[in-house]
Every structure is written in C-alpha cells, then in structure tokens.
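S.K.: Chains A and B supply the protein sequences, listed in that same order. With the first sequence counted from 1, adding 2 to any position gets you the numbering used here. With the second sequence counted from 1, adding 5 to any position gets you the numbering used here.
Honestly, the hints are just simulated from the structure, not real lab data. Some clues are possibly wrong.
Unchecked claim - Below 27 Å or equal to it, Euclidean Cα-Cα: the simulated BS3-like pairs (lysine-lysine) are:
1. A:K54 x B:K146
2. A:K54 x B:K317
3. B:K528 x A:K54
4. B:K173 x B:K70
5. B:K64 x B:K53
6. B:K238 x B:K133
7. A:K73 x B:K300
8. B:K146 x B:K528
9. B:K236 x B:K133
10. B:K146 x B:K306
11. B:K300 x B:K146
12. A:K12 x B:K306
13. B:K236 x B:K264
14. B:K453 x B:K421
15. B:K147 x A:K54
16. B:K53 x B:K544
17. B:K64 x B:K147
18. B:K70 x B:K544
19. B:K317 x A:K73
20. A:K12 x B:K173
21. B:K173 x B:K64
22. A:K12 x B:K147
23. B:K306 x A:K54
24. B:K133 x B:K70
25. B:K300 x A:K54
26. A:K12 x B:K317
27. A:K12 x B:K528
28. A:K54 x B:K421
29. B:K681 x B:K453
Residues per chain, in single letters:
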Amino acid sequence: MTLDQAQIGKTYEVENVDLPQELDIRLEALGMTNGTDLDVMNAKEHGTVIIKLRGSRFALGRGITSHIEVKEVAVHEH
Amino acid sequence: MSIDENSQQTLIDADTGTHHQNLTIAFAGNPNCGKTTLFNGYTGANLKVANWPGVTVEKKEGAMKYHDDTFKLVDLPGTYSLTSYTMEETVTRNYIMSDEVDLIIDIADASSLERNLYLTLQLIELGKPVILALNMMDIVKKRGMEIDIHRLPEMLGIPCIPISARTKEGTKVLMHAAAHHGDNAQKQSPLIHQHTHKFEEEGHHRHHHHQEYVMVYSDEIEDKIDLIIDKMKVLYPNLKNYRWYAIKQLEKDREISAKYPVEMPDVIDRSYEDDIITQKYDFIEEIVEECLVNKATKEAKTDRADRILTNKWLGLPIFLGIMALIFVLTFTVGNWLKGYFEILFEWLQMLISKGLGATGVSQAVTSLISDGIVAGVGGILTFLPNIFILFLALAFLEDSGYMSRVAYVMDGIMGKLGLSGKSFIPMILGFGCTVPAVMASRALATKKDRFRTMLVTPFFSCSAKIPIYVLFAGMFFPKNSALVAFSLYVIGFAIGIFIAWISHILDRDKNDNQLLIELPEYKRPSANTIFIYVWTKIKDYLQRAGTIIFISSIVMWFILNFGPSGYVGSGTAGSFGSIVGQAIVPVFAPIGLGYWQIIVALIAGISAKEVVVSSCAVLFGISSINSAAGMSEMVTALSGIGFGALNAYCLMIFCLLYVPCIASMATIRRESGSTKYTVFVIFFQIAVAYLASFLVFQIGSIL
Numbered sequence: 003m004t005l006d007q008a009q010i011g012k013t014y015e016v017e018n019v020d021l022p023q024e025l026d027i028r029l030e031a032l033g034m035t036n037g038t039d040l041d042v043m044n045a046k047e048h049g050t051v052i053i054k055l056r057g058s059r060f061a062l063g064r065g066i067t068s069h070i071e072v073k074e075v076a077v078h079e080h
Numbered sequence: 006m007s008i009d010e011n012s013q014q015t016l017i018d019a020d021t022g023t024h025h026q027n028l029t030i031a032f033a034g035n036p037n038c039g040k041t042t043l044f045n046g047y048t049g050a051n052l053k054v055a056n057w058p059g060v061t062v063e064k065k066e067g068a069m070k071y072h073d074d075t076f077k078l079v080d081l082p083g084t085y086s087l088t089s090y091t092m093e094e095t096v097t098r099n100y101i102m103s104d105e106v107d108l109i110i111d112i113a114d115a116s117s118l119e120r121n122l123y124l125t126l127q128l129i130e131l132g133k134p135v136i137l138a139l140n141m142m143d144i145v146k147k148r149g150m151e152i153d154i155h156r157l158p159e160m161l162g163i164p165c166i167p168i169s170a171r172t173k174e175g176t177k178v179l180m181h182a183a184a185h186h187g188d189n190a191q192k193q194s195p196l197i198h199q200h201t202h203k204f205e206e207e208g209h210h211r212h213h214h215h216q217e218y219v220m221v222y223s224d225e226i227e228d229k230i231d232l233i234i235d236k237m238k239v240l241y242p243n244l245k246n247y248r249w250y251a252i253k254q255l256e257k258d259r260e261i262s263a264k265y266p267v268e269m270p271d272v273i274d275r276s277y278e279d280d281i282i283t284q285k286y287d288f289i290e291e292i293v294e295e296c297l298v299n300k301a302t303k304e305a306k307t308d309r310a311d312r313i314l315t316n317k318w319l320g321l322p323i324f325l326g327i328m329a330l331i332f333v334l335t336f337t338v339g340n341w342l343k344g345y346f347e348i349l350f351e352w353l354q355m356l357i358s359k360g361l362g363a364t365g366v367s368q369a370v371t372s373l374i375s376d377g378i379v380a381g382v383g384g385i386l387t388f389l390p391n392i393f394i395l396f397l398a399l400a401f402l403e404d405s406g407y408m409s410r411v412a413y414v415m416d417g418i419m420g421k422l423g424l425s426g427k428s429f430i431p432m433i434l435g436f437g438c439t440v441p442a443v444m445a446s447r448a449l450a451t452k453k454d455r456f457r458t459m460l461v462t463p464f465f466s467c468s469a470k471i472p473i474y475v476l477f478a479g480m481f482f483p484k485n486s487a488l489v490a491f492s493l494y495v496i497g498f499a500i501g502i503f504i505a506w507i508s509h510i511l512d513r514d515k516n517d518n519q520l521l522i523e524l525p526e527y528k529r530p531s532a533n534t535i536f537i538y539v540w541t542k543i544k545d546y547l548q549r550a551g552t553i554i555f556i557s558s559i560v561m562w563f564i565l566n567f568g569p570s571g572y573v574g575s576g577t578a579g580s581f582g583s584i585v586g587q588a589i590v591p592v593f594a595p596i597g598l599g600y601w602q603i604i605v606a607l608i609a610g611i612s613a614k615e616v617v618v619s620s621c622a623v624l625f626g627i628s629s630i631n632s633a634a635g636m637s638e639m640v641t642a643l644s645g646i647g648f649g650a651l652n653a654y655c656l657m658i659f660c661l662l663y664v665p666c667i668a669s670m671a672t673i674r675r676e677s678g679s680t681k682y683t684v685f686v687i688f689f690q691i692a693v694a695y696l697a698s699f700l701v702f703q704i705g706s707i708l
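Produce the complete structure using the sequences and hints provided.
M.R.: Here it is as structure tokens:
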C-alpha cells in the first residue's frame, strides 16, 4: 500500500520511495530511508498526512504520500 | 567576501600582553532548532540583515564581546542537509568551506536528536572545527529523556554542550567552548567507537579510518573514496580536505563534479548518494542507541495539541477564529491605544506651532512644516498601535510553531487551487507586509508555485493599508468601522483565492501536490524573539515615516501649493496637483473616485500605502487627521466636494487591490528575476482594483 491510504495512529515501515531524485534525496536527508518506521499522526481525505519520522513531525502532500510504498508494522514497541 | 579582512586575527595587546582573538563563528542548524533565538540572544537586536552576494538567500550577521575578544557571528540559513540541490544549502556549505569561517556552532534540537545529527555529520565532514550545541535541553528533561553527554562527544569527536536558548542556560559555557576550541582546532578529541557496525564485520582489510574519521562508510565506499582522493590530489593539488570532495564525487554532486571533474567511470559507476545517506543514518541510530538513555516517557504535548489544532473538522474553524481574533484585536485594542498616542501627538504639534510662531518665519515655511511635514508624517505615526498589535500577533503565530500547521490545515483548499498548503504561509505574512511575504515564497518547491503565490499575495491586505481603513471607515462608517475594515480583508482574501483558482483552471499541466513541511514542536514564544521581530517591523514603519512619507509629504505640499504661476497657497485650483488630477478625473469618475484630490493621493500612494492618508492630510490641510476633530473636519471637506460613504468604500476597495508600494514591486522584480512579469503584475493589480471598485460603485449607485 502507499502512505496516502495510511490510517491515523498506526505505524508503517517504508519499503520504497518512487519520486524524482531530488525529492527522494530530500526525504532521505530527513531520515526517510528504506526500512524506517513512521507513525501516522493525522491524515485528511485527500492523502495529506502528518507523520512522525525519527522524532520529528512532517506534513506531506498527496503528490508525495502516493509515491511512498509502506507496510504496516504490527505493534509498535517501546 | 574579502578573506584578509575577516579571517582569524590573533593580536597581542601591547600594553597588557594578553591575547585577542577575533573569531568568525558560523551558526548552522536545522530549521526550527532554536538557532535564531540563540543568535538573537548573543547579538541582541544589533544585526545586519542582507542577502548573500548574488543570490536571494538571507544573511544575518551580528557581533558579540567575549571578555576582550570580538566574535563575529553569522547565522546561516536553516537547512536539513548540505547538498547542491537548493541555493540555501549551496550557500551554506560554500561559506563554511571558505577561509572566512573559523568555527561552526551546530545547533541541534536535542529533543529530536536523531534527525538533527544528520546535519552534524555533514558539518563534521566539511573539515572545520565544529561544536555541537544541544539545544532545548529543558524540553528533553521535561519529557524524561536523558542524553549521555560524556559518550556523545566520544562518538562524534567534537565538544557537545547542553544548552537552552530560551532560558539562556548553558549559553555562556557554549561561547567559552567556542573561544577555546579555536585554540586547539587542529587536534581532535579522541574518537572512541565500539562499532557493532554491520559494515565493519564484513571488512577484509584494515583501514585506520575509525581512529581518524567520525563517519566511516562501508569498505566498498571507503575504497572508492581512497581511489578518488589519490586521483584528485594529482589533478587538483591545492585543495584541502580531499575526503569531502571525494564523497561529493561519489554522490555525483552537481557543483563539485562540474567544478572538479575526475574521469573515473569505473569507480564512480553510479550515484552513491543513497548509500551514503543510509549509512550516515545507520551510524546515527548507533549513536542514539548509546547516548539516548531514556526515551520519552511522557507523550509530547505537541501531539495532544495537534490532535485538536490539526483535526479534520476543527482545524479550519480554529484557524479562521484565530485570524478573526487577530483582526479584532488590531482594530479594537489598536484604536483604543491610538487615543493615547493622539494626545501625545497633539501636544507635540502645539509645541511646534508655538515655536514656529515665536521665531516668526515666513508663511510658506510655516505651512510646509505644519501642513506638510507634521500633518503627513505625524498623521502616520498615530497608527503605530494598530500596526504593533498586528505584528505582535503574527510574531506569536510564527514563534509558537502554529504557522506551519496552517500549511497542513489549508492544504485541502489550496490543493483545489493547484497550490500546496505551504503557499498559504506567504499569504498570511502578506497581512503584515507584502515585502517579506513575497520573499517567503522562496520556500516553495516549484517556480510556478512561486510566481502564482507572488501574484496573489499582494491582495492580502498589508498593514500599511490599516491607516486608510481606520481613517475612512472611521469617518464614513463610525458605527461599524471595524466591520467595514474586516469586510475589506475578506474581499482581498476572496479575490486572491479567486485569482489563484482562475490561474489554476487556465493551467494546462497541473502538478501533483508535493507539500513537504516540518511541523515543529509547539513552544511558548520567547519574549526576546518576539521583541526583535516586532521591533524590526516597527523600526521599518518609523523609517518609512521618516523617509518615504516625509519626502512624499514635502513633494505633495509642493505640488499642491505651487502651480505654473508660482505659489498659489494651500491646495486650490491652479496648483500642479490639481491640474494633473483634473486631467485624469474622467478615468476615475466611473469608479466613484472622480475627485482630483483623491486621484493625486492615489498616485502618491504608489510610493507607500500610508501616503494615501498623509496626502489627504496635506491636501485638506488637516493637522491631526486621526483625531476626532481632524476626522470631522475632513468629512466636511470631502462632503463639500460630493464625496460620500459609497465613494469612501470604493476608495478603500481600490487601495486594497492596487499596487501595494514601490518596495513590494521591487521585491517581486528581484524574486521573480523578470521585469516582464513585474510589469504584468502591476497592470494586473490596477486592472483588478479598477474593475472591483467599478462594480461596487455602479451597483452601489443603483441601490
């Protein structure tokens, strides 16, 4: 599934990011490398999502979230 | 940037024999890491804001005394990384690499250490002495987190100083470290790594890199780095820090590979940027695992606040409520404070006219000073409380961390207009002043977004238009003046949104919504940051009053008192002003503004919007235009020429929509880099203003 379909309160693991190189690198520099966990804090119907990534929150538009392949992580351990 | 002027100078004082060192310290850090608060804390309001040479990236400089030494502090743009993809990042890294910088202070938000350390690793790789300032330690403690301050410098090889920019805790220690780190910059602290690194286990040969470098990559990459270094040393014998250049070559960095080509297709067979970033984050995970002793036990307050403030249903109404509150405060509390200003101002005015009477200067000079300068400039100063409240509110929005939430909240609506929610931030700033708002559009991802945002931003009514609303709404709609002023904000907003929508419909290749913005931790705004923000704006306003408004008041007085036949006395027929104004009357008659005095004021208002008001004061010879007496005097004067409430509303609409000021147009020219586009914007604004007031006047006349 892609991140734009993610549900609030769940944790997902990044599997693949399919975006133009420049944007891809910008996201990676923010810590969105493959295998990273992200928590979905909030979401709107159009695929705009607030995520928590390595302790920081980001709002991402659908143009980005629909190109991020993720899989749900069962239970988030502390 | 001249090198010898700014480079580190160690002077020996002849009398005392003590050392003086003048360090240049660069402040680097992620956006929202508290860098500005810290910088302001050290330098106070004495900073020089300019652009970096040749590019539209803001550069802030300040100075501070440390014992007998003077430190020059340079605030670099907040960035997450140091690639060559954006102007900010290129400027930042080129400046750090230059000889000018002696030391880097890397400010990290310790409450989100993991992401902040990425920039730290990149800064260390640049090869200059780095000190890590762990900011927001108060928040770290509050959340029950603990950072191992002894282990962290061992792993990073640099001093790590815990501070809180907000409470100023540790900031003295930080500068102490800076002063002394400069002394022994060459010898790095010993690196003690106990890598359980997956790459190292696979290692075949013995590098000594782990004793030398903080960030060591996989053997594959390290081998490539070594090969590139050897080649570069031959090709470019005068560089420093070859390792950094080699890493950039492997990343296929645009700037470096163009500047220092190395033909090594076997070694650089692809871009290793991906691998390099991932391995840096792997190392960061290692650091965090060892140094972050307790993870946050308490749920961050921010998450709780966000559940409401960015809620699907509540987010938008809350935002609209906040904006409405800001405008209500601006016009009610502002008007109340204004009363006290007027008392002070009238007293000053009395002193001046008494003084002038006593000296017995000629009538023309007395008229110039009291009807021209005092009426024009003084009239504008009484609006200061309104402007103050507005900027205070905007400062709160920005410093609390709420502003970036607006990008998320508005993203849906802006998406329908083909813009990302981020475009809305320049628009809100436009309520303060169009100039910084247009500059804020730099942060937008695409050129198209930037141009469309610049087109729309001027319709968001700026603070310089407040005097016009306060005055004309106060004169002609005394009972509903706040409501009338609010209606203008709404109309400006609606027209801006409508134009964005039209341009989206006309746009053929629509792009995807690529909103990407960090939502920082909410925090109590720092009094110092707010003070500096508001003071800069107020100073700007005072400066305009002292320059543009001062000069335009004199010019206005001149063209209204002089004509082809010489001195004709105050603003009557025969003056240059009335001759020019009357010639254009037929053009302005259909929009309810066919009065030569008003036309002259509007033309003068292109220099700055406050000038419309100061010009009216000069035009009608009213000395205290913002007082009750002055207002009624002017209403009488205006009704004498047939100017009523409907005309007043048309005037406000026209002022809301036409060219904001020369400064804003110059900014649009600079930011867009296109004269053609700027000219288009100017004519477009005038056309929209004409059309809107035409409709209001024609429909209003029928009703």
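S.K.: Does each hint hold? Answer for all of them.
M.R.: Hints, one by one, checked against the model:
1. A:K54 x B:K146: 20 Å, holds
2. A:K54 x B:K317: 18 Å, holds
3. B:K528 x A:K54: Within the cut-off at roughly 18 Å; holds.
4. B:K173 x B:K70: At roughly 16 Å apart (the allowed maximum being 27 Å), K70 (chain B) and K173 (chain B) satisfy the hint.
5. B:K64 x B:K53: Holds - the C-alpha atoms of K53 (chain B) and K64 (chain B) are around 8 Å apart, at most 27 Å.
6. B:K238 x B:K133: 19 Å, holds
7. A:K73 x B:K300: 25 Å, holds
8. B:K146 x B:K528: 15 Å, holds
9. B:K236 x B:K133: 23 Å, holds
10. B:K146 x B:K306: Given that 27 Å is the threshold and the Cα spacing comes to 14 Å, the pair holds.
11. B:K300 x B:K146: 11 Å, holds
12. A:K12 x B:K306: 19 Å, holds
13. B:K236 x B:K264: With a Cα-Cα distance of about 15 Å, the restraint between K236 (chain B) and K264 (chain B) holds, given a limit of 27 Å.
14. B:K453 x B:K421: Holds: K453 (chain B) and K421 (chain B) sit about 15 Å apart, inside 27 Å.
15. B:K147 x A:K54: Cα-Cα ~20 Å, so holds.
16. B:K53 x B:K544: Between K53 (chain B) and K544 (chain B) the Cα gap is close to 14 Å, so the pair holds against 27 Å.
17. B:K64 x B:K147: 34 Å, violated
18. B:K70 x B:K544: 25 Å, holds
19. B:K317 x A:K73: 24 Å, holds
20. A:K12 x B:K173: Roughly 38 Å between the alpha carbons, so the hint for K12 (chain A) and K173 (chain B) is violated.
21. B:K173 x B:K64: Judged against 27 Å, a Cα distance of about 23 Å means the pair holds.
22. A:K12 x B:K147: Cα-Cα ~26 Å, so holds.
23. B:K306 x A:K54: 14 Å, holds
24. B:K133 x B:K70: Answer holds: K133 (chain B) to K70 (chain B) is near 22 Å, not above 27 Å.
25. B:K300 x A:K54: 15 Å, holds
26. A:K12 x B:K317: The hint holds at about 17 Å.
27. A:K12 x B:K528: Distance of about 26 Å is within 27 Å: holds.
28. A:K54 x B:K421: Given pair K54 (chain A), K421 (chain B) holds - Cα atoms ~26 Å apart, limit 27 Å.
29. B:K681 x B:K453: 15 Å, holds
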